[in-house]
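Colleague: So the chains spell out like this:
Number of protein chains: 2
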Amino acid sequence: MNTKHSTPLEVRALLFDVLGTVVDWRSGIARQVSSFLERCGVVHVDAADFADTWSRLYDQATDAVRSGKRPFARLDVLNRENLEAAFKAVSIEPKLLPSADLDELNLAWHRLDPWPDSISGLTRLKSKFIIGPLSGGNTSLLLDMAKRAGLPWDVVLGSDVVEVYKPAPEAYLRTCEFLGLRPDQVLLVAAHNDDLAGARRCGMRTAFIPRPAEHGPSQTTDLAPLDDWDVIASDLVDLADKLGA
Amino acid sequence: MNTKHSTPLEVRALLFDVLGTVVDWRSGIARQVSSFLERCGVVHVDAADFADTWSRLYDQATDAVRSGKRPFARLDVLNRENLEAAFKAVSIEPKLLPSADLDELNLAWHRLDPWPDSISGLTRLKSKFIIGPLSGGNTSLLLDMAKRAGLPWDVVLGSDVVEVYKPAPEAYLRTCEFLGLRPDQVLLVAAHNDDLAGARRCGMRTAFIPRPAEHGPSQTTDLAPLDDWDVIASDLVDLADKLGA
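Chain order of the listed sequences is R and V. Taking full-length UniProt numbering, the leading residue of the first sequence gets 1, the next gets one more, and so forth. Taking full-length UniProt numbering, the leading residue of the second sequence gets 1, the next gets one more, and so forth.
I should point out that these hints are in silico values taken from the structure, not numbers from a laboratory. Any given hint could be a false lead.
When chains are identical, the list treats them as one kind, so a pair holds in a single copy or across two.
Claimed, not checked - Below, a list of computed lysine to any residue pairs in the SDA-like style, where the Cα atoms sit at most 20 Å apart: (1) K147 x T53; (2) K147 x L181; (3) K88 x E170; (4) K128 x R111; (5) K147 x G244; (6) K69 x E163; (7) K126 x I92; (8) K147 x Q185; (9) K242 x P116; (10) K128 x G150; (11) K128 x K242; (12) K242 x L102; (13) K88 x P98; (14) K126 x R111; (15) K242 x R12.
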């Protein structure tokens, strides 16, 4: 294993970015938004575009928490606010939609499907390492998702446990601390270069896997590793091969 | 299912006391203490008595945290202090023992074996419910234990996440909150009546299973349910039967 550390490899746990890296959020959100719009009789809104808007608002909302502009709030709470903003962006007044239906649609983030290689890759990796998410998702979101999709996590510590969003250093450091491991004993697996950069700054090991369809057919970002990450693999099954799991 | 609640049963998650209910701490600690004493050439100390002493100090130390006499400290930290006290109690000066060896012995709590019915019972229960520990153990203790013993938890939130020890109400309530569930959607499984009483005070459902050998052959406590708990089962396999899992 190619590594930037001079010490021998001693990784005991693998933590995974989830939204984009383990599950395909865009298709899953678009599918559920599409059913919702159909039930409402809305025909002028593209569900995949709506998913992109809703997701972009995630970045803005977590930025506000990271910068201290607002106190920590669970991702379910941020997503619910952003859902209303996403409706406004397509000229639909959310106050005209039943609040309980919006609450239900907000749980779409709990019901996302894994990429085709995720379950088999994670199952193999679990035989050799502690595996868990390191995600912006709150614990119940990650847990509901795992139960529905069969993601075989050993441990689920959502961002509501550490009360901070990646790539803030505490997100990585405090999670390693809960595992009772030094950062260099933990490897972050992500399809996002900025997330890996955050992990490396904290002393964690890093693995990049590309998810070139995460943002749909015209994706331009994160198509390739932008730094010499410790491991580069084509997907989670290839990662299991490369880590001897 | 016999229940004290007027609403229909809506349990979504089962949380388990671990030390005593899922794993046999006394035999496991005695076995590891025995090897340690043998290596040190100590012959006058009974390892099972030593395990009992070490465990009793747990109650005192967590009482001090619950009452606010000292700030929260992880169970690994309390156990390490108590290990020294347990040596003093048998007239062995812990400062004469290598500190690294004591650190290693302290991890005995991470290496406890399940009762014979635990894995099969939990595996069946997991097919129908979210399952996880609700223990005084810190996350890394519970996680290491689960990986070693094959306990198939869906989620592991140690007492270091909520920073409080049972039976303080926050231990139950905050864990339910992380799961995104109301207390009446969560059932505590324990071999200890006082733990179940704590859970019921918070609105959780309760299941008692006896572990009459937890404290060795002369156990006098928790041999039977002391209240009308929602479910009473003989072990975790019987619990799976009774909950239709």
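Colleague: Could you run down the list of hints and mark each one as holding or not?
Modeller: The hints, checked one at a time:
In the homo-oligomer, the alpha carbons of K147 and T53 never lie at most 20 Å apart, since the shortest distance is 27 Å inside one protomer and 40 Å across protomers. When the C-alpha separation of K147 and L181 is checked against a cutoff of 20 Å, the pair qualifies only between copies, where the shortest distance is 15 Å, while the shortest distance within a copy is 26 Å. Taking CA atoms no more than 20 Å apart as the test, K88 paired with E170 passes in neither setting, with 34 Å inside one copy and 39 Å between copies. Taking the closest pair of Cα atoms, K128 and R111 come within 20 Å of each other only across two copies (17 Å); inside a single copy the shortest separation is 27 Å, beyond that limit.
Taking identical chains as interchangeable, the C-alpha atoms of K147 and G244 lie at most 20 Å apart only when they sit on different chains, with a minimum of 18 Å there against 27 Å within one chain. Taking the shortest Cα distances, K69 and E163 sit within 20 Å of each other inside one copy (14 Å), while across copies they are farther apart (26 Å). When the C-alpha separation of K126 and I92 is checked against a cutoff of 20 Å, the pair qualifies neither within a copy, at 45 Å, nor between copies, at 41 Å. Proximity of K147 to Q185 under the C-alpha cut-off of 20 Å is restricted to the inter-copy arrangement: shortest distance 16 Å between copies versus 27 Å within a copy.
In this assembly of identical chains, K242 and P116 lie within 20 Å of each other by CA distance solely inside one copy; the values are 18 Å within and 36 Å between copies. Taking the shortest Cα distances, K128 and G150 sit within 20 Å of each other both inside one copy (18 Å) and across copies (13 Å). Taking the closest pair of Cα atoms, K128 and K242 come within 20 Å of each other only inside a single copy of the chain (12 Å); across copies the shortest separation is 35 Å, beyond that limit. Neither within a single protomer nor between protomers do K242 and L102 lie at most 20 Å apart by alpha-carbon distance, with minima of 43 Å and 37 Å respectively.
For the identical chains of this complex, K88 and P98 are intra-copy neighbours only, at 15 Å inside a copy versus 66 Å across copies, given an alpha-carbon limit of 20 Å. With identical chains, the CA atoms of K126 and R111 are at most 20 Å apart between copies only, with a shortest distance of 19 Å across copies and 22 Å within one. Proximity of K242 to R12 under the C-alpha cut-off of 20 Å is restricted to the intra-copy arrangement: shortest distance 15 Å within a copy versus 38 Å between copies.
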